[in-house]
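All chains, full assembly: derive it from the sequences and hints.
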Amino acid sequence: MKKSFLKKKKKKNSDFSLQITSMADIFMILLVFLLKSYATSITNIAPSSHISLPEVTATGVPKESLKIEVGKEAVTIDDKQVLQLRNFEFGGEETGAGENSPTITRILNQERSKTPIPNMDSALVVMADEGTPYSTIKRVVASAAGAGFVDLQLLVVQAQ
Amino acid sequence: MSAGSSGDGDVELNLAPIIDCFTVLITYLLVTASFLSLAALDVGVSATGTGAPPPSPDNTPPPMVMSLEALANGDVKINVRGGVSGREYPYVIAALSGQRDEDKLLAKLEEIKKKWPTITEASVSAEPTVIYKDVVKVIKKIQEAMPKVMISS
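Quick mapping for you: the protein sequence lines, in order, are chains Y and V.
Everything in the first sequence is counted per the working numbering, starting at 5 for the first residue and increasing by one.
Everything in the second sequence is counted per the working numbering, starting at 170 for the first residue and increasing by one.
Hints listed in this document are in silico derivations from the structure and should not be mistaken for laboratory results.
C-beta: ideal position from N, C-alpha, C; glycine also.
Be careful, since some hints might not be right.
Claimed, not checked - Some chain V residues close to chain Y (C-beta under 7 angstroms, calculated; not the full set):
1. F191
2. L205
3. V212
4. I320
What the hints assert, rightly or not - Listed below are the simulated PhoX-like cross-link pairs for lysine-lysine, each with C-alpha atoms no more than 20 angstroms apart in a straight line:
5. V:K246 - V:K302
6. V:K302 - Y:K76
7. V:K284 - V:K246
8. Y:K76 - Y:K142
9. V:K317 - Y:K142
10. V:K273 - V:K309
11. V:K284 - Y:K67
12. Y:K142 - V:K273
13. V:K246 - V:K317
14. V:K273 - V:K302
15. V:K246 - V:K283
16. Y:K142 - V:K246
17. V:K317 - Y:K67
18. V:K284 - V:K317
19. Y:K142 - V:K283
20. V:K284 - V:K302
21. V:K309 - V:K277
What the hints assert, rightly or not - Far from chain V by the CB rule (all over 10 angstroms, computed), these chain Y residues:
22. S52
23. A78
24. L89
25. Q114
26. R116
27. Q162
Printed below as a string of structure tokens:
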């Protein structure tokens, strides 16, 4: 009697297995959701972690084009730092030549010549920190206009 | 016969490797996904800024143009000029407890649009100390009334 009781208990333990069918269902739903949101989001346009974009209830979709980023310490064009800033302010050598920043205009002209059809793409994505003073933005915009980039896309975070 | 039917009943899909693949894929997607929803405000660049509109070659009166300036104290100055007389129509949207009165700004822009339907674009500038966040908010408000917004360089 005793022997058979032990045998029965052992058998019950060996039959235990994790029900992974429902887990597979959950994973499938999660995967579909993530793949769908991944496909619709523009992954190449992502601001650096050190800048915070302004929050506005805008609906325009950003288009893939050349990117300029204005932060507290630097200006970057297509993820390459081109200019050092001091608390959003340009250095003395950049403010001497009128409204433009010669360095930004030169680099943007170089980038422009790399495009397959030169002088055709005038779009530029501007990612600036929300605390940037207008004097800095104005110089960046003037430099971009000097290089022929006159269709600006001001990147913002969509407010809910 | 009986052995065959028993074998068919025991067949089940091995889900463990599928779960492994899903785990790797989901982890990758979660790490690379950006949960910030970004949007863009389309603006042009105006070289003229707040200056006089360019003279037309065929002696027709210059078009009415509108420029806005965001001031550091929260006010917004609107200037409409041009036409036959070349007269200027200045307006000031006073700040409401230190903040820009966006509703009043929108209402004024609608009023201007009704008065001068030929105005379809606005040129925006700001005082040097006004921060980008405020400029963007003003641009967004103007875009609700005017299809085209230019930023003064």
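Hints violated by the structure (listed by number, smallest first):
11, 12, 19, 20 and 27
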